[in-house]
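If you read the protein sequences in the order shown, they are chains A and B. Counting along the first sequence from 1, when you hit position 13 you're at 13 in this note's numbering, and nothing is skipped either side. Whatever position you read off the second sequence (first residue = 1), add 1000 for this note's numbering.
To be clear, the hints were calculated from the coordinates, so they are not data collected in a lab. Careful: at least some of the hints might be erroneous.
Pulled a few chain B residues facing chain A out of the computed Cβ check, cut under 10 Å [said to hold, decoys possible]:
| hint | residue |
| --- | --- |
| 1 | A1016 |
| 2 | A1017 |
| 3 | A1019 |
| 4 | L1022 |
| 5 | C1025 |
| 6 | D1036 |
| 7 | V1056 |
All C-beta atoms, glycine included, are put in the ideal place defined by N, C-alpha and C.
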Amino acid sequence: MSAAAVCLATMGAIVAFGTAVGFRAGARVRMDLEQWTVGGRGFGVVLVFLLMAGEVYTTFAFLGASGWAYSRGGPTLYVPAYLTLAYVVSFFILPQLWELGRRHGMQTQADFFAQRYGNRTLAALVCVVGLVCFVPYLVLQLAGVGIIVSVASYGEVGRTTAMTAAALLLVAFVFASGVRAVAWVSVVKDVLMVLAALAIGIGVPLRHFGGIGPMFAALAAAHPTHLTMPGATHNLGHAWYISTVMLTGLGFYMWPHTFGSVFTANSADTLRRNAVVMPLYTLTLAFVFFAGFAAVLIVPHLPDGDLAMLTVVRQSFPPWFLGVVGGAGALTAMVPAAILILAAASLFAKNLVRALLVPSMSDQSVARLARAMVVVLGLVSLLLAVFSSSTLVALLLTGYAGVSQFFPGVLLGLYSRRVTGAAVLAGLAVGVATALTLMLTHHDPLCGVSAGFVALCLNFAVTLAAIPFTRKPT
Amino acid sequence: MAQLPGTSPARRPSLAAVALALIPCTAMCFTVPLWDRLTPFVCGLPFNLFWLIGWVLVTPLFMWGAYRCEAARHRADGSDP
């Protein structure tokens, strides 16, 4: 058997195994979206930890973070910083959100905005922005699968073919199973990912340089500026680092699906304790970085940094190991993508179309519309993935610039008695418009500051300024 | 859906908990110009990477402190700890 065949066979076996585990676990429980999103509000510390930790280990953490370590250098350090700070911030947001959710039976992010502010336009805008931000996230996952399959097949399967296959599989997976299975597939992929990251992060430097220390010494000697900011870029300096860490740290739990995972916990205290220990989970990222940095010396001049991790694995390990890494990586991309696509489709059909436009819609029509949306979203993401050349990190940051704009509405909604729906709406509209304009006109970063952060500051300012004008006289 | 009458916003966290949480934020984010440097290498790692990994490790200690502050307050008024 050729190396590519061994590798693809191992990969296929792992994906099949993960899927089978998932179907077996899911077969016993009938899960609809509500069941999945809130899990009966019965998850304890361990399950919530697994669920939330699983959200960290996406294709992005694996390929994107190492890809940036390879192609950008120092600026990639924003990743462990933002994840840690996201958990610190979550300590002050999530337990309070959970309390409110329990009191008022909230299940989704749209529920929070609709019930806290009683403003339909605001709830609709939150839905639309959430949906639009899902798209780069989905594109990211599909692009990840494309990269994995094309490297793992030693170039025999093209990236477009791989992404098309992934998108078809994804839509089929969603149609066939809904979201049963997700928690257990997450466990399988997390275990594989952590083991793979450790093996790669320690093994690659050891094999090529005799250890992690000598690897960094060699890198520092060959490229003295690569390891600090702005690294291999000219505009990602310290101002960019601070603004991006703040933007993404505040935005981490503002994604519609991470926000929803809050309501799975069985108590506010579970969330508080989770926030204390979660930062440790980001440690694995250090090993992902080691591999990305080692690749700078081992496989220089790759056309695309996102290829770095897998290419260096291909050069350093036997084909079956590349297959294991590729399989874990593919599961890592497929599972979140399936959840996202289903969550987005349901959000669209239920919270947007039925709740706000056609209240008389029957349950069957909602389900039909949601299924149609699954296909539409799959296609749109596939087209964007094929035709866009952005790196995985750039895609993720685009989504963050959007979802982070929910933060003022959430923070003030929890802690301020004076805030009004109209003020939050004004701030959100200004924030999203600013982020969009700056990014579409290629002004990100703006004077060295992340465009999404500029938009978030404006959003906060507009919201606070609008409160006195939008309050009803009492 | 009308605005929830009497949706009381969440109780604000104690000052001590916020202060404890600000320590890792300051160390990992705002002070970046002070520690974003290659040397001295520590444990074979460039200084900036070592600094971040070190703070990832100790952040749970600060948050555990914040947790103690909050838990004590919740116990004191008899609400869900």
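Evaluation of the provided hints:
Interface restraint check: B:A1016 against chain A, minimum CB-CB distance 13 Å, threshold 10 Å, status violated. Proximity of B:A1017 to chain A holds as hinted, the smallest CB-CB distance being about 8 Å (cut-off 10 Å). Hint status for B:A1019: violated, given a least beta-carbon distance of 12 Å to chain A, over 10 Å. Of the supplied interface hints, the one on B:L1022 holds, with its beta-carbon coming within about 9 Å of a beta-carbon of chain A, less than 10 Å.
Taken as an interface hint, B:C1025 checks out: its beta carbon lies about 6 Å from the nearest beta carbon of chain A, inside 10 Å. Of the supplied interface hints, the one on B:D1036 holds, with its beta-carbon coming within about 5 Å of a beta-carbon of chain A, less than 10 Å. Because the beta carbon of B:V1056 sits about 5 Å from the nearest beta carbon in chain A, less than 10 Å, this interface hint is met.
Checked against the numbered hints given earlier, this structure breaks hints 1, 3; the rest are met.
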